[in-house]
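2 protein chains.
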Amino acid sequence: MGLVFKDLCRIFSLPQFPQTLQKQPTIPTDNFTMELQQMDVTPANGGSDRSKWLLSSPDPPPPWQELFTSIKEAFFPQTKNRKAKERKALLFLQTLFPILKWGRNYKATKFKHDLMAGLTLASLCIPQSIVYANLAKLDPQYGLYTSVVPPLVYALMGSSREIAIGPVAVVSLLLSAMISKLVDPSADPVAYLRIAFTVTFFSGTFQALFGLFRLGFLIDFLSHAAIVGFMGGAAIVIGLQQLKGLLGLSHFTNETDVVSVLEAVAKALPHEWYPLNFVLGCSFLIFILITRFIGRRNKKLFWIPAMAPLFSVILSTLIVYLTKADKHGVKIVKHFKGGLNPISVHQLNFGGSYIGDSAKIGLICALVALTEAIGVGRSFASIKGYHLDGNKEMVAMGFMNIVGSFTSCYTATGSFSRTAVNFAAGCETVVSNIVMAITVLISLLLFTRLLYYTPLAILASIILSALPGLIDINEAYSIWKVDKLDFLVCVGAFCGVLFHSVEIGLLVAVVMSFAKIIISSIKPSTEVLGRLPGTDIFCNMVQFPVATKTPGISVIRINSGTLCFANANFIKERIVKRVRDENEIEESIRGGIRVMVLDMTNVMNIDTSGIHAMEELHKDLTSQGIELAIANPRWQVITKIKAAKFVEKIGPGWIFLSVSDAVETSLHLKINGLNNC
Amino acid sequence: MGLVFKDLCRIFSLPQFPQTLQKQPTIPTDNFTMELQQMDVTPANGGSDRSKWLLSSPDPPPPWQELFTSIKEAFFPQTKNRKAKERKALLFLQTLFPILKWGRNYKATKFKHDLMAGLTLASLCIPQSIVYANLAKLDPQYGLYTSVVPPLVYALMGSSREIAIGPVAVVSLLLSAMISKLVDPSADPVAYLRIAFTVTFFSGTFQALFGLFRLGFLIDFLSHAAIVGFMGGAAIVIGLQQLKGLLGLSHFTNETDVVSVLEAVAKALPHEWYPLNFVLGCSFLIFILITRFIGRRNKKLFWIPAMAPLFSVILSTLIVYLTKADKHGVKIVKHFKGGLNPISVHQLNFGGSYIGDSAKIGLICALVALTEAIGVGRSFASIKGYHLDGNKEMVAMGFMNIVGSFTSCYTATGSFSRTAVNFAAGCETVVSNIVMAITVLISLLLFTRLLYYTPLAILASIILSALPGLIDINEAYSIWKVDKLDFLVCVGAFCGVLFHSVEIGLLVAVVMSFAKIIISSIKPSTEVLGRLPGTDIFCNMVQFPVATKTPGISVIRINSGTLCFANANFIKERIVKRVRDENEIEESIRGGIRVMVLDMTNVMNIDTSGIHAMEELHKDLTSQGIELAIANPRWQVITKIKAAKFVEKIGPGWIFLSVSDAVETSLHLKINGLNNC
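Order-wise, the sequence lines are chains D and C. Be aware that the first sequence starts at 1, since it is given in our numbering, and climbs by one per residue. Be aware that the second sequence starts at 1, since it is given in our numbering, and climbs by one per residue.
Note that these hints are calculated values from the structure, not bench results. Computed from a predicted model, the values in this text were never measured in an experiment. One should not assume that every hint holds.
One copy or two, it doesn't matter: identical chains are merged, so the pair holds either way.
[What the hints assert, rightly or not] Derived lysine-lysine pairs resembling DSS-like cross-links, with alpha carbons at most 30 Å apart:
#1 Lys392 to Lys577
#2 Lys384 to Lys52
#3 Lys181 to Lys577
#4 Lys481 to Lys649
#5 Lys334 to Lys181
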């Protein structure tokens with residue numbers, strides 16, 4: 001009789017009384033005909049009726065449709081306000097060259113601000129360009145060249161108003177670390193230079209393509225934690241590289257890892273140390289740090305730390321020139337060719353054996369450069385309250401590097417430290433970049449000869465002074481507090497850069513980030529749910545100690561976004577074990593568990609292995625006399641288990657829209673079943 | 001005034017009226033002091049009070065604790081029924097050698113069944129062992145050796161009652177395909193054989209270690225779809241390999257892909273084709289297929305298809321011997337050494353240059369062999385209704401292969417076709433394997449000389465006849481129906497095996513399976529929710545057309561298991577765009593959206609990039625005058641956003657336990673806000 005009633009209930013779908021349950025837990029069971037009539041009167045309230053909504057929901061869009069839609073969205077973004085056709089050409093040009101838009105409203109008052117900002121920027125940019133070229137193992141003029149053409153191109157195409165374009169530390173390090181492995185820059189500087197230009201060309205091409213194909217999400221593949229770790233590691237590596245200049249060493253290693261560098265220093269130090277270099281470098285380092293301290297204490301004096309590097313260069317050059325310290329072991333720049341950017345199209349190296357490696361290095365540089373530039377651009381844009389289109393920025397960066405590679409520039413991007421100075425100096429538009437570029441160009445034409453005597457130790461001290469900004473210990477600490485696994489990724493990237501190489505550090509970061517996703521999504525975790533008092537909400541009983549268990553019913557939630565081959569078996573066995581254990585305890589008190597409600601809220605997707613596991617779970621439970629109820633299967637899941645005929649196996653009456661529906665119905669059935677037994 | 005009220009509501013936590021809402025949507029707003037008093041009276045019903053449960057939930061266990069617990073569970077499984085100490089040694093032995101347990105109750109009636117099953121098994125096993133050895137490019141006796149020792153070892157240690165141990169097609173193919181790349185079996189058969197034994201030793205060692213360390217989940221890394229595709233591809237590859245024997249070719253390729261094999265056949269066919277081979281092979285193939293058809297029509301005649309291969313071998317050998325067909329181009333086995341398994345410990349090759357490759361091949365063979373054996377064992381165990389411990393089986397398989405490698409056997413595992421025959425023949429225990437092994441041993445001692453004249457074409461036709469069982473088109477079709485991406489994995493594995501090589505096929509399968517997990521868990525998908533009529537349940541409005549939108553409130557659910565670096569930015573921008581679009585529409589009708597409820601039910605985990613994205617979302621919404629409410633953040637998520645101080649930023653009053661709580665409170669605030677404006 002109990003069975004018959006159960007089946008009838010399933011077929012005719014029982015009503016649910018969530019609010020009245022605690023007052024009327026039992027319903028007279030003998031007259032269930034009357035009850036069935038009631039159901040027909042109140043169909044909209046029935047939990048099983050809601051299940052029908054679930055079971056009759058339309059099919060979700062197939063995966064390729066989703067894919068096509070997202071590609072379509074990416075390639076052909078829909079704009080709601082379509083303009084008239086005749087204006088389309090102008091609009092397109094304005095999109096490509098934002099200067100056409102804002103240039104028409106540009107006023108003299110704005111230019112005053114931009115001029116001041118541009119000049120301040122130039123005074124910081126000139127010494128930084130020289131030192132980063134040095135870091136990239138190129139002659140110093142290439143750094144200055146890179147501060148001329150790319151900013152001008154960006155001024156035409158970019159939409160950020162604050163970003164300062166030019167060479168940056170991390171990209172310079174990346175470039176020198178990776179190209180050095182192909183060609184030794186001291187043995188064959190010409191080939192090294194050609195590869196640097198080729199890499200820049202590839203970087204630009206990749207960046208432009210990413211932007212055109214709207215692949216902006218690619219730069220998201222470096223997680224925040226990975227960037228923090230990577231930057232910290234790179235800063236230390238860059239700092240270690242400066243030991244060469246600071247100590248005045250002639251022999252150094254091409255490797256970038258801590259161990260090799262310290263070994264090289266230890267080996268060279270006893271033989272060729274010139275203390276004068278160290279004294280000079282350290283005194284100016286202290287000077288720069290003091291100016292920065294002053295700038296921080298009084299925000300209006302921001303120009304003091306911004307000018308300090310240029311002042312240091314001029315002063316130290318004068319000192320060396322006047323005291324002839326270069327005869328006493330102070331290393332100086334020496335090679336410095338002035339004049340306009342020479343054309344370098346003929347130096348691009350597309351036929352050589354390094355073409356594949358160049359493309360690879362170009363890709364890595366492109367991504368790192370974009371990550372830095374777009375990060376910087378977005379954070380300042382959000383301060384000023386405008387939106388920066390990542391894809392458009394990528395196109396601008398791409399073209400600026402392509403043009404750069406034709407005019408003796410190496411990979412340029414947005415510099416964080418200079419952008420901050422530009423912002424502090426009150427720039428209004430990207431015109432400050434134009435001012436900066438022209439100022440750098442003028443100094444290239446007139447003053448380069450004067451830089452012959454600049455001591456290398458000063459350059460090292462300027463780089464060293466810029467590094468603390470790259471090491472973000474506070475952020476690392478907050479990552480540690482928030483997410484331990486993210487911190488592991490951060491440490492992995494940091495150690496990879498520090499103890500192996502820059503590209504291994506990046507690789508470690510990307511691989512660990514994705515491994516984290518895999519682990520967190522297949523982690524075979526389940527939790528026992530209980531009802532929160534006075535509600536229909538079922539929650540983890542460990543997380544919410546107020547939650548209470550419903551006797552005779554076991555509610556288990558799968559805490560994994562996907563039920564797939566990699567976790568399905570494990571989850572199934574865990575659930576079976578848990579239900580067995582619970583059953584043993586319950587059996588002695590209240591006659592055992594009758595229904596197991598499987599809350600599938602979190603399972604967004606299931607594969608064939610997952611469905612097999614559920615079928616086995618159903619078989620196992622049935623053999624113990626326990627019914628399986630499924631609560632809240634998602635769209636993909638319900639569609640797939642319907643397609644796999646699993647719904648028919650467990651009976652459509654055992655699929656519910658929510659855990660509370662499932663529990664109410666089960667309670668009902670259980671009580672009725674017991675009364676009828 | 002509106003603002004002050006809003007803040008007060010946040011602080012004092014508004015009550016929620018889910019059931020009475022439609023009747024009393026508005027509450028008098030002027031006397032909110034009275035209202036606040038009411039709240040204090042009914043705290044347990046308030047949505048915000050529930051939020052307090054959420055906000056005050058204890059910290060979840062740190063990730064390493066979870067890791068440790070799962071390792072601990074894996075290594076030291078807890079058994080509830082601990083036996084007395086003095087029996088522990090016996091129990092341990094019984095666990096290791098289940099024969100000690102069931103052997104004591106073994107009866108003569110059971111033996112009768114096992115004897116019959118064992119003899120039937122042997123008659124199928126002898127020809128299959130010869131042909132699989134041929135497939136593995138080993139002399140035929142090695143196949144027979146492999147059907148002697150491993151079954152005996154398994155009989156002592158294994159717990160499956162039906163599984164038939166010996167060489168199988170896929171592992172043989174895998175072995176020959178991979179070892180052939182190291183050593184050419186026709187050029188240096190001795191070295192090839194030594195590597196085969198070494199690989200077998202490694203396979204066994206890996207299997208035993210997996211079992212001892214309870215790494216049973218490793219075999220789950222081949223998804224169901226991948227196995228179906230891989231087996232199908234392997235079957236076709238094996239079939240193509242048989243063209244050599246069937247056409248009587250002498251020159252053939254060592255490659256296994258379709259293109260190479262067909263090229264080799266096309267090249268060799270005009271020169272050296274002996275039609276007699278083909279005629280002989282095909283006629284026996286047809287004979288075997290007819291017997292199989294008979295066996296299928298009448299289940300009692302299962303022994304006819306089981307005997308057919310042996311009968312074919314004997315008959316064809318006789319024909320060749322009597323007609324001297326080998327003088328007319330019919331290729332025969334020739335090399336066939338009889339006698340007991342020779343000891344091969346001294347042939348294991350641990351010092352050579354192939355040690356790393358051997359270990360790699362051993363690992364792959366170990367996993368594939370285990371996948372097949374445990375799949376077969378489990379499916380028959382579930383028919384007979386007992387549970388098979390995967391880890392224990394792995395240990396048994398491991399030891400049987402280690403002992404096998406010492407006694408001239410190559411990698412053995414559970415064969416699907418022979419297990420089915422064993423089951424059909426009514427085996428009771430693993431004794432049928434012992435009977436089979438002894439029968440094979442006797443034939444090795446007495447009858448091998450008779451097999452000298454066995455034509456190779458017969459062996460090919462026996463293999464060919466077994467292949468259709470490996471190609472499961474029905475299953476592939478049902479995978480297609482259930483999950484298109486899974487089907488893609490299946491096709492990928494199939495094509496990888498078919499057009500490249502067996503190991504590439506496996507690699508493709510594993511990589512595609514994991515890529516699928518990554519894609520499905522970072523797929524940046526969001527859905528708009530609406531309330532199901534008469535409930536507190538909020539559902540996807542596309543999936544449930546009955547769901548209705550609440551005016552002025554936008555409810556969006558993140559449909560991704562994790563909100564991380566790879567999808568956070570994309571999801572954020574999608575939500576911003578969606579809210580803007582909705583706001584535009586709403587503004588014209590009802591004065592715009594006031595609250596955006598973000599349902600985070602599905603987000604099991606968040607990383608620092610995800611939290612950054614949420615902070616930016618909050619900023620963006622605030623700038624539009626829209627409040628952000630967060631509904632149902634999971635344990636990990638609430639803990640992390642608390643740690644990152646995001647809760648303070650949006651205000652703890654805007655975090656709710658469910659969407660309906662969030663919507664009620666927002667509705668309330670909105671109405672009050674509007675009235676107060």
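Same-copy or cross-copy closeness of Lys181 to Lys577 [CA-CA at most 30 Å]: neither (56 Å within a copy, 46 Å between copies)
Same-copy or cross-copy closeness of Lys384 to Lys52 [CA-CA at most 30 Å]: neither (52 Å within a copy, 36 Å between copies)
Within, between, both or neither: Lys334, Lys181 at alpha-carbon 30 Å: within (25 Å within a copy, 57 Å between copies)
Same-copy or cross-copy closeness of Lys481 to Lys649 [CA-CA at most 30 Å]: between (47 Å within a copy, 17 Å between copies)
Alpha-carbon proximity between Lys392 and Lys577, which holds within one copy, between copies, both or neither at 30 Å: Classified as between: cross-chain Cα gap 18 Å, same-chain 55 Å, threshold 30 Å.
Checked against the numbered hints listed earlier, the structure breaks hints 2 and 3; every other hint is satisfied.
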